[in-house]
Amino acid sequence: MMSINKTVIIAEAGVNHNGSFNQAKKLIEAASESGADYVKFQTFKTELSISKTAKKAEYQNVNTNNKIETQFEMVKNLELSFDEFAELKLYCDQLGIGFLSTGFDSQSVDFLDSLGIDFFKISSGEITNKPLLSHIASKKRPIVLSTGMANMNEIEVALEILTANGCNKNDITVLHCNTEYPTPFADINLKAMNSIGNHCGVKIGYSDHSLGIEVSIAAVALGAKIIEKHFTLNKNLIGPDHKSSLNPDELKNMVSCIRNIEKSLSGNAKKEPSKSEKKNIDIARKSLHINTSIFKGETINENQIVCLRPGDGISPLDINKVIGLRAKKNLKPFTKLKKSDLTK
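In terms of our numbering, the sequence shown opens at residue 1 and continues consecutively.
Some clues are possibly wrong.
[Unchecked claim] Straight-line alpha carbon distances no greater than 27 Å define the calculated BS3-like cross-link-like pairs of lysine-lysine that follow:
{"no.": "1", "residue 1": "K6", "residue 2": "K169"}
{"no.": "2", "residue 1": "K6", "residue 2": "K263"}
{"no.": "3", "residue 1": "K191", "residue 2": "K286"}
[Claimed, not checked] Have a look at the derived ranges for each label pair, beta carbon to beta carbon:
{"no.": "4", "residue 1": "N268", "residue 2": "G19", "range": "45 to 55 Å"}
{"no.": "5", "residue 1": "E214", "residue 2": "T70", "range": "45 to 55 Å"}
{"no.": "6", "residue 1": "G324", "residue 2": "S264", "range": "44 to 54 Å"}
{"no.": "7", "residue 1": "K270", "residue 2": "G223", "range": "58 to 68 Å"}
{"no.": "8", "residue 1": "N247", "residue 2": "N65", "range": "44 to 54 Å"}
{"no.": "9", "residue 1": "V306", "residue 2": "K270", "range": "52 to 62 Å"}
{"no.": "10", "residue 1": "E214", "residue 2": "N268", "range": "49 to 59 Å"}
{"no.": "11", "residue 1": "G212", "residue 2": "L317", "range": "20 to 30 Å"}
{"no.": "12", "residue 1": "T70", "residue 2": "K130", "range": "55 to 65 Å"}
{"no.": "13", "residue 1": "N65", "residue 2": "T163", "range": "40 to 50 Å"}
{"no.": "14", "residue 1": "F334", "residue 2": "R259", "range": "24 to 34 Å"}
{"no.": "15", "residue 1": "H199", "residue 2": "S81", "range": "15 to 25 Å"}
{"no.": "16", "residue 1": "L317", "residue 2": "E156", "range": "13 to 23 Å"}
To be clear, the hints were calculated from the coordinates, so they are not data collected in a lab. All values reported here derive from a predicted model rather than from experimental measurement. We put the beta carbon where it would ideally sit given N, CA and C, even for glycine.
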């Protein structure tokens with residue numbers, strides 16, 4: 001995994017290729033052009049992951065416009081082969097973007113491990129799948145764990161399984177997540193991300209299923225080390241996740257915004273003038289001027305003083321030091337006072 005000092009941005013292609021290898025390649029191209037660090041797919045053998053009687057989620061019925069189709073049938077149509085994924089990994093290498101995929105069964109995990117992926121991503125639905133968690137942990141690669149639908153106790157149990165089976169806790173990043181597609185803003189509960197980090201002592205991130213890009217950006221400002229966000233080539237395509245995904249331009253904008261947020265958070269935390277604004281101090285601040293004619297030897301009173309820009313004279317903070325002093329020479333109205341103009 002790349003340096004954790006930089007937010008790792010995962011462009012989640014998921015199954016938005018609709019089972020098409022060529023469309024998967026186009027998704028890689030769009031992710032690469034966006035500046036994301038990784039493009040991530042989902043690798044599975046449908047028979048090893050879903051029973052033939054499993055129902056689809058309601059949002060899947062709506063987004064596929066098919067209430068009769070089973071979850072098994074839907075997912076089977078979205079399955080790519082191991083050989084195709086191997087080619088997609090090579091294509092990522094050619095374009096200079098990291099390849100990732102979530103493995104949903106042990107065979108898929110073994111295959112992804114053989115590709116030498118940087119880390120394993122565990123989906124929210126697998127957080128209680130002890131055999132799969134144990135198998136992934138045994139690979140001794142870094143792990144990113146999504147926690148949609150989970151409570152804190154379930155997260156703790158999953159972490160115990162992972163660490164007991166060979167994964168170092170320091171190599172685990174836990175993503176706050178909500179698995180409703182799209183997630184209502186009122187249900188996001190973004191502060192829970194930091195609660196996970198504080199309670200479990202792990203690095204944190206956010207897997208974003210809300211519409212738009214603002215919540216991902218807010219998560220970075222709150223300390224997310226990894227952002228995962230679905231994207232598609234066309235939101236109007238038929239499929240379970242297209243409508244809650246970003247289009248390529250939105251993905252590119254999200255990446256740009258996150259990089260800007262990183263820059264804004266990179267300071268030393270001291271409140272002091274920045275290098276770029278020091279030149280503005282004299283321009284924006286004020287200094288003591290007089291608002292009337294003052295003759296040599298005349299004592300200056302408060303009513304004769306006005307604070308005006310620029311700020312390269314006597315500071316208004318020192319007004320009490322000036323009141324009661326005498327003018328060394330005649331001064332015209334709106335003269336900027338200097339210490340050399342005054343005497344006791």
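Against the structure, the hints:
Taking the CA atoms of K6 and K169, the gap is near 20 Å; set against the 27 Å cutoff, the hint holds. With a C-alpha separation of about 10 Å, the suggested pairing of K6 with K263 holds against the 27 Å cut-off. For the given pair, K191 sits about 42 Å from K286 by alpha-carbon distance, which is inconsistent with the 27 Å threshold. Judged by the Cβ atoms, the range 45 to 55 Å given for N268 and G19 holds: they are separated by roughly 50 Å.
Hint check: E214 to T70, Cβ distance near 35 Å, so the stated range 45 to 55 Å is violated. For G324 and S264, the Cβ-Cβ distance of about 46 Å falls inside the hinted range of 44 to 54 Å, so the restraint holds. Judged by the Cβ atoms, the range 58 to 68 Å given for K270 and G223 is violated: they are separated by roughly 19 Å. Separated by about 20 Å at the C-beta atoms, N247 and N65 break the suggested range of 44 to 54 Å.
In this structure the hint that V306 and K270 lie 52 to 62 Å apart at CB is violated, the actual value being about 33 Å. As the Cβ distance of E214 to N268 is approximately 27 Å, the hint placing it in 49 to 59 Å is violated. Taken as a hint, the range 20 to 30 Å is violated for the pair G212 and L317, whose Cβ atoms sit roughly 46 Å apart. Checked against the given bound of 55 to 65 Å, the beta carbons of T70 and K130, roughly 26 Å apart, lie outside it.
Range check, N65 to T163: Cβ separation about 43 Å, and the 40 to 50 Å hint holds. About 47 Å separates the C-beta atoms of F334 and R259, a value inconsistent with the hinted range of 24 to 34 Å. One distance hint, 15 to 25 Å for the beta-carbon pair H199 and S81, is violated here, with the actual separation near 41 Å. Roughly 55 Å separates the CB atoms of L317 and E156, a value that falls outside the hinted 13 to 23 Å.
The structure fails hints 3, 5, 7, 8, 9, 10, 11, 12, 14, 15 and 16 (numbered hints given earlier, in ascending order).
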